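Visitor: Listed below are the residues making up each chain.
There are 2 protein chains.
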Amino acid sequence: MPPEVSPLAPATFPKLPDINGVRLAALACGLRYKGRTDLLLAEFAPGTTVAGVLTQSTAASASVLKCRESLGGGVAGALIVNSGNANAFTGIKGTQAVENITSAVGSAVGCAGAEVFSASTGVIGEPMDDDKITSALADLKNALGGGSSAWEAAAGAIMTTDTFAKAATATTKIGNTVVSINGIAKGSGMIAPDMATMLSFVFTDAAIDAKDLQQMLGELNQKSFNSITVDSDTSTSDTLLAFATGAAANDKNAEMDEFKNALGELLLDLAHQVVRDGEGASKFITVNVSGAESETAAKVIAMAIANSPLVKTAIAGEDANWGRIVMAVGKSGEDANRDKLSISIGGVEIAADGAAAPNYDETPVAKHMKGQNIDISVDVGVGKGCWTVWTCDLTHGYISINADYRS
Amino acid sequence: MPPEVSPLAPATFPKLPDINGVRLAALACGLRYKGRTDLLLAEFAPGTTVAGVLTQSTAASASVLKCRESLGGGVAGALIVNSGNANAFTGIKGTQAVENITSAVGSAVGCAGAEVFSASTGVIGEPMDDDKITSALADLKNALGGGSSAWEAAAGAIMTTDTFAKAATATTKIGNTVVSINGIAKGSGMIAPDMATMLSFVFTDAAIDAKDLQQMLGELNQKSFNSITVDSDTSTSDTLLAFATGAAANDKNAEMDEFKNALGELLLDLAHQVVRDGEGASKFITVNVSGAESETAAKVIAMAIANSPLVKTAIAGEDANWGRIVMAVGKSGEDANRDKLSISIGGVEIAADGAAAPNYDETPVAKHMKGQNIDISVDVGVGKGCWTVWTCDLTHGYISINADYRS
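Protein sequences, first through last, are from chains A and B.
Each residue of the first sequence is one higher than the one before, starting from 1 at the first, in this note's numbering.
Each residue of the second sequence is one higher than the one before, starting from 1 at the first, in this note's numbering.
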């Protein structure tokens with residue numbers, strides 16, 4: 001049963017420009033899905049630098065382990081991504097499959113296997129049929145090219161249970177040089193049924209040293225992909241990679257603030273799209289926590305609220321149930337001043353100084369709860385730490401996707 | 001809409017004997033619920049000792065804070081419990097309400113207010129109408145008595161969204177003296193909609209010093225109530241109190257192992273009943289983890305599995321989806337040897353040595369998944385730490401209870 005498109009999906013797929021130094025192709029190699037693309041190859045110009053953030057799971061997939069090794073080199077020749085099989089918990093055969101794939105891709109595009117980055121998303125624990133991938137390489141290589149349709153095909157090829165393809169683009173400057181950034185992502189929340197989860201790939205023609213890109217990406221990831229949750233389940237395959245071809249030939253030593261801001265906004269856009277495709281989602285929820293002991297404490301509290309099944313079901317029921325928010329703050333384990341705690345929903349103060357707000361008018365809040373975008377703000381009254389996370393509600397749709405249909 | 005009785009409920013309510021030194025009464029004081037009992041008073045013989053374990057929530061209810069103070073004294077004269085209002089996040093007025101109630105109960109039964117223990121369960125954040133409770137005390141006092149129907153009424157009075165009353169009883173020995181233990185509990189999982197959650201009260205005629213009882217209760221609680229979860233949401237009101245009247249006049253210095261075992265089994269029985277009343281539950285799930293670095297690590301891994309929405313929805317769908325179990329092990333953050341990990345469901349090994357088990361026969365596992373009791377065993381291959389936790393599945397019923405009906 002093909003899922004309908006999420007009600008929170010953007011109206012249209014954005015038009016992505018080409019990135020100088022990147023050529024792409026996608027096709028259907030028949031790994032699992034019938035009649036849809038499931039394999040993406042990107043080829044990079046010589047000298048392309050790379051940075052990445054990978055899952056913290058101790059059961060990380062074979063591709064993730066290989067990427068972790070290759071990131072040390074800081075140089076990328078190609079990216080190969082398949083959907084349909086996560087190649088996770090596949091033992092030594094899984095490791096061998098990644099070696100076969102990256103080495104074959106390296107031969108095809110003319111770079112070392114260690115400079116080929118790979119990612120796999122799909123069923124966990126099923127042996128990976130790497131022959132299907134390597135046999136498709138000749139066709140993929142012949143199809144390498146550009147154009148906005150190639151970018152849309154790339155975003156489509158990495159989908160699993162996603163209900164829409166996810167992409168974003170930005171144009172910015174380093175010094176006086178104009179540079180472009182394209183990003184694609186997949187994920188139907190932090191997880192997907194039977195599936196490994198979030199993948200995101202970012203491509204830019206900027207010239208930037210691998211270690212500078214790594215530092216920037218690591219920091220920006222904290223406030224984007226690491227600040228979203230659908231259901232608190234962490235994937236074995238989470239992979240965020242950024243490739244910089246250097247074709248724009250900007251001054252690498254110029255001030256990078258404008259570029260960093262643009263990259264941060266692009267990552268946040270992609271992260272929000274993942275939440276908007278959260279399984280069964282009907283509301284997009286922003287949780288702001290302030291007044292915590294530190295940024296870290298604020299994030300822990302915000303995640304306790306965003307991951308609480310009681311808070312998420314209340315929002316699905318359009319119920320401004322702030323008692324459940326108090327519960328979630330309390331269970332987070334972080335310091336909160338019970339007698340200074342305040343809670344606002346949709347900008348209306350519901351609770352203040354540790355009790356229900358006097359003269360609280362439910363009318364505007366009830367109206368807010370009926371909308372698609374829900375804003376929750378909590379001040380825990382002990383310090384200056386702030387953080388924002390994003391999530392979706394927990395609905396019958398989530399149960400249907402994950403329990404009603406057998407894998 | 002009154003909930004139907006959980007399909008996992010025990011067939012009958014157990015017949016509880018009287019406990020020498022304990023008199024009980026329950027009635028309807030009209031705090032929130034119409035036409036059902038919502039207030040319980042227990043009066044204890046002079047010299048009754050008490051021990052307790054209370055929620056770790058930083059937003060603990062006013063009653064919890066008061067119990068924490070009173071436990072220092074180690075002596076109990078009475079217990080008063082209401083359902084319908086949690087008296088949590090109610091500020092200074094909530095604190096005052098508890099003072100009024102415990103002081104009035106003390107006057108009624110003839111003990112100090114500091115020796116009155118109280119618990120409240122119900123809506124969070126709503127002012128507590130303590131007049132309704134104090135006005136009912138004269139009637140309650142007149143009704144104090146015993147008999148198995150009084151015990152059943154007591155278990156019923158503390159229910160909120162529970163679909164059945166929960167109790168257990170045990171007879172054991174300290175030295176040559178026979179002693180009895182009765183226990184009652186409420187909870188529809190770790191949480192209940194709009195409600196605070198798990199309460200449990202244990203009564204025995206054993207003579208035991210408060211500090212010995214406290215040590216025993218704290219330890220046994222770890223392997224019972226602290227090893228269950230429905231949906232990972234922790235209440236502001238969790239309260240486990242044990243009262244020992246001493247009427248059996250056993251030797252306090254005798255070996256207590258048999259008593260401790262009986263108490264442990266009784267607590268585990270009550271804890272399992274709470275899981276069996278988990279919101280929307282259709283399966284009772286046991287998760288055994290072995291081979292972890294320590295007992296603590298094993299418990300963290302077991303809880304990561306038991307709290308995973310993906311694992312719980314797979315079980316609801318009767319799908320032996322072991323890839324999701326691998327995911328949950330990986331996200332726990334505890335050490336696991338990916339290449340030694342093994343997983344059994346219903347006693348059948350599905351995965352071994354970090355990959356799908358060769359010759360795995362799905363037939364007996366598929367049959368097991370259709371039953372009401374699901375057993376999952378995971379060995380993570382790094383040490384000797386073991387732990388067991390219990391949970392239920394995540395179904396459309398959970399969403400309906402928590403989202404479909406407005407509070």
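What the hints contain is simulated information worked out from the structure, not anything from laboratory work.
As the structure is a prediction and not an experimental result, all values here were calculated from the model.
Misleading hints may appear alongside valid ones.
[To be verified] Here are the simulated EDC-like cross-link-like pairs (lysine to aspartate or glutamate), alpha carbons at most 20 Å apart as the crow flies:
1) K340(B) x E349(A)
2) K367(A) x D353(A)
3) K340(A) x E126(B)
4) K93(B) x D339(A)
5) K367(B) x E293(B)
6) K93(B) x D353(A)
7) K93(A) x D339(B)
[What the hints assert, rightly or not] A short, non-exhaustive set of chain B residues, derived as facing chain A with CB atoms under 8 Å:
8) A108
9) V123
10) L310
11) A314
12) A316
Heads up, the beta-carbon is just placed ideally off N, CA and C, and yes, glycines get one too.
Visitor: Against each hint, give a clear statement of whether it holds in the structure.
Guide: We went through each hint and held it up to the structure:
no.	hint	verdict
1	K340(B) x E349(A)	violated, 52 Å
2	K367(A) x D353(A)	violated, 25 Å
3	K340(A) x E126(B)	holds, 17 Å
4	K93(B) x D339(A)	holds, 11 Å
5	K367(B) x E293(B)	violated, 33 Å
6	K93(B) x D353(A)	holds, 12 Å
7	K93(A) x D339(B)	holds, 11 Å
8	A108	violated, 29 Å
9	V123	holds, 6 Å
10	L310	holds, 5 Å
11	A314	holds, 7 Å
12	A316	holds, 4 Å
Hint compliance for this structure: hints 1, 2, 5 and 8 are not met, and every other hint is.
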